[in-house]
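**Student:** Spelled out from the first residue to the last, the chains are:
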Amino acid sequence: MFDLVWLIPLFPLLGLIINALTGWKSAGVRPGVIASAAVGLSFAAAVALFFELLRLPAADRLVEVPLFKWIAAGALSTEIAFQIDPLSMVMILVVTGVSFIIHIYAIGYMHGDRGFNRFFIFLNLFVFAMLILVTANNFLMMFIGWEGVGLCSYLLIGFWYQDDYNAYAGRKAFVVNRIGDFGFLLAIFLIYATFRTLDFTEVFSQAAAMPIGAGVLTAIALLLFVGAAGKSAQLPLYVWLPDAMAGPTPVSALIHAATMVTAGVYMVARANVIYTLAPTAAAVVAIVGALTALYAATIGLTQFDIKRVLAYSTISQLGYMFIGVGVGAFAAGIFHLMTHAFFKALLFMAAGSVMHAMSNQTDMRIMGGLRTKMPRTFWTMLIGTLAIAGIPGFSGFFSKDEILWQAWSGAHGAPWLWLIGAVAAALTTFYMFRLIFMTFFGTLRADDKTAHHLHESPGVMTWPLIILAVLSLIGGYVGIPAVLGGSNHFEHFLAPVFAASAELRGVAAHGGAEGHATGHSLELLLMGIVLVLVLFSLWLAWRYYGRKSDLPARTAARLGGAYRLVFNKYYVDEFYDAVIARPLHRISESALWRFIDVRIIDGSINGTAALIGAGARALSALQTGVVQNYALAFVFGVIALLVYLFV
Amino acid sequence: MSDLSTMPILTILTFLPLAGALVLLFVPRQREALIRWFTLVLTLAVFLLSLPLFTAFDGANPGFQFEENRSWIPSAGIGYHLGVDGISLLMVMLTAFLTPLVILSSWRSVTKKVKEYMIMFLVLETAMLGVFLSLDMVLFYLFWEGMLIPMYFIIGVWGGERRLYAAIKFFLFTMFGGVLMLVAILVLYFMHGGQSGLYTFDYLALSQMLIASKSQVWLFFAFGIAFAIKVPMFPFHTWLPDAHVEAPTGGSVILAGILLKMGTYGFLRFCIPLFPTAAQQYGWLIMLLAVIGIIYGALVSWVQPDLKKLVAFSSVSHLGFVMLGLFALTLQSVQGGLIQMVNHGLSTGALFLLVGMIYERRHTRLIADFGGLARQMPVFVTFFLIITLSSIGLPGLNGFVGEFMILLGTFEVNRLLAVLATTGVILSAVYMLTMFQRVNFGKLDKPENQELKDLNGREIATLVPIVLLCLWIGLYPSTFLHKSEAAAQKLLDEYRSKQDKIALIEEMSASQTNVINPK
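Protein sequence lines correspond, in order, to chains A and B. Just so you know, we're using the working numbering here: the first sequence kicks off at 1 and counts up by one. Just so you know, we're using the working numbering here: the second sequence kicks off at 1001 and counts up by one.
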């Protein structure tokens, strides 16, 4: 069975090949069905593989399946080889499962689009690349998937390429991601230089023998994190993700919320041994995560575009995951990755359903009162919102709580990290309920034409919402922490992957270590504080946006410049543009090209040529053909020679 | 195919195109269709002949294979010596692969003097193959300079508006290097004669020589400048944009695909093995110039308004990678450099083909004249996308394999330069995707573009082989890397052992002679 693991990425590859060869002529939904079926098969295979993996004893749950040698020269030997362990298994299940649901939704959402077939080809290509990313057994193969998903992101953000902004947004995503990949590549070089291999198992077992805080490990960890910050939209490389919303909404749900952007979190969790041994780098991860979580949440408070609110929310939630993996709570980070995949995919697709109803408008200022018009979308989106806000009982509560507790008490945790996380949680609740109230409550503020078209989305779109809503509701119950009487199956399942790290830290492999009474009461206290904060935010959001009120405008006016700063996203895009992009372009154009290339290099060469030409002409003037002149020159020459020889 | 070892396969391969050119001389010029088909079939035959050479080539053998060695002008020590090793094999294959595609791409675009055009390309193919296969310095030099003449005419006759300026510039730059090289070859000849009493131009004999490190420096630079111009390395690159802009599509493809590789090939074949001490001493300079070329070429490429100039400057950047790999002198980097030579031939060759295809339709190369082509020409844009991705080194396609190996190998030797060179990964995405967006995305708002026809069957047939090869190298590079690894390893071993020997001898002997007797 494990030998057939290559089938999982193969299905979407086949799907895209079939569509690429035969889909162009088909007018109906066939390409969508083929693409969805392909991913469905992958999911089925993944489930089968999961049960196969469960049958193995926990300590043996690491299966490597080599396919063929890829790049090799001398000591360098890299393979295309799969690695199945609990961590990649979770990722495979999340990727194929959520992808499958979103594929089906997209059949409805993209119906009638000119590029229907092209869309599903790219989408299948994405699933393929993402599966390569999470199943690789070495850094280089992971890099194939890593850049592959980046390519699909580029293609799908700019899917409606006729609008220049979309094309620009796609390119921006690719280029910013390449800055991250620059770090990833350097990390790979350094890993190879240090360990003479790029295989995960080999690298990590060698690294485990190195001392804590070894400089080279810190460097590797930081370089890897540059890559992670690019892909997972962390400070300062997050700038591409808000613009990525230019892509069709299923893309935002799948790539820019549920799967691709979490690759960085996966990477840190995968390299957990290195981060455990490089506490400085791990602290950087946690701090960057915390700052990003807070920073993006503040921007989320002020945006009016429904997708942009969700985009900043995604950046913020990814920050949470990095707090988790940064403080050494790898399982908690991955747990949040999974629940976030459920509720954020749900939120995006519900937003897509709203846009579908609102003639593709995204400005929440013209929405309102949609609750009654599209009840399924409303209820499912509400569940997603309760989940992300961390209301007890919903999936987000368990995973977020786990991260916050670890931020306080974890291996590299600190109370102030917890505090930032708690504030961000409150902000999250506020902007999410702001979204809910502005969209679904009050009265519709759209024009008549839009109002006339309002409708609930078809079943092919709402059923996926319902499935994800169920997952957002119950998805957390696989990881109920000990403090609430659970046994955290999720963490136990992942424990073997993080066992080496746990051993290095000298604590037991599973998270129930803090099972003494003081820990428990503190954990419950902190949980209570966060809950109060969250409920207060919810109430505040209701005060501001739940009913007609001039409170938002008054507050904005009172805050003045501070509000404008946040509303304009701290002018970071403008800053990058003015300080990096434009000067570099100007230097390339006027200094490098027009001056150095044309004037100096070519100018001197053409000048030399002209000089030679002029010299030749001057010399040819000497060739007068008059014999007396030659004789005269000859005489002078002889005299000069004699003088030289005898004087 | 009978036993290759009994057949003078390399001679047949090299001179078949020239023989074809001779036949064409007797074909009436009005029979254009016949001339085209004849040339296509002939160049295809050359390619088909090269395939058994590739499969029969023993990758485990680091030396020259299929050698043919006959005396030619024995009184002057000039021989007719051909041979192929792992380093030249890939270049020979690339030449044989690209030439028929170039002929196919010129099917409709060349209407003026078709017969002469085809003859020029056939002569050119013989010269190119000859350069890669010659193991005699005089023979090599003849092919090297011989290649200039058809290329000069291809640019000067079938080129654009400023074709004469470009052709002469190309000619003078290359000639200048060629003269330096000729002097160096003669010096080698007399050195060897003086040292062993045997006056010969044979490469294998000359490459056995141990040359005093002082003399090596001069010879290294005499050869090196000739090759650096050809590559072209910064700052010797300014002939390239002009030549590319003015050359017809076929000329650009061959220029970028093969001719530039002769420079990098020359470094690998002559500069490193013959002058190892100098290569070691001045390797930093070459690597530095290579890294400058990578970054500089990319930035200048970014601001070009003309598609062909953009691709030309991108070549400066890409060949910077190749040079960096060769002079980092690790197995990974040299192997990466070799495969990157092939990669650049494929992806840049294909880019020029693509630019040629829209130039044929619109008679402009200015990026600003396009926009929104994706809507009108989806097949064209699909190919364009794949080649663009190959050019920016997306893993899974060919470009990544080369760049990765070069950078990994360089990182072992000089981390700072490797880090600087890796910024090329970001910059290539910037300039290529900016161009790609401006040409293919956005609104199809120019009326001239709204009538554009998508690619026809012949054009697709020209591109498909290249795309398939890009995928092959990207996914399973072992097929090609295996062929050259032993030769690359031998190159590195000899580079080190020769250096050691020379250093040892120079340490021991206080003599002032230029030439050291090996035995």
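If you're looking for bench data, these hints aren't it; they were derived computationally from the structure. It should be emphasised that the depicted structure is a prediction, and the values quoted were computed from it without experimental measurement. Fair warning: there could be bad hints in the mix.
Calculated cross-link-like contacts (lysine-lysine; reagent style BS3-like; alpha-carbon spacing at most 25 angstroms) [unchecked claim]: (1) B/K1443 to B/K1214; (2) B/K1112 to A/K25; (3) B/K1490 to A/K69; (4) B/K1501 to A/K25; (5) B/K1443 to B/K1112; (6) A/K569 to A/K373; (7) A/K449 to A/K548.
**Student:** Compare the structure with each hint and give your call.
**Tutor:** Here is how each hint holds up against the structure:
no. : hint               : result
1   : B/K1443 to B/K1214 : violated, 62 angstroms
2   : B/K1112 to A/K25   : violated, 40 angstroms
3   : B/K1490 to A/K69   : holds, 23 angstroms
4   : B/K1501 to A/K25   : violated, 69 angstroms
5   : B/K1443 to B/K1112 : violated, 36 angstroms
6   : A/K569 to A/K373   : violated, 33 angstroms
7   : A/K449 to A/K548   : holds, 23 angstroms
Hint compliance for this structure: hints 1, 2, 4, 5, 6 are broken, all remaining hints hold.
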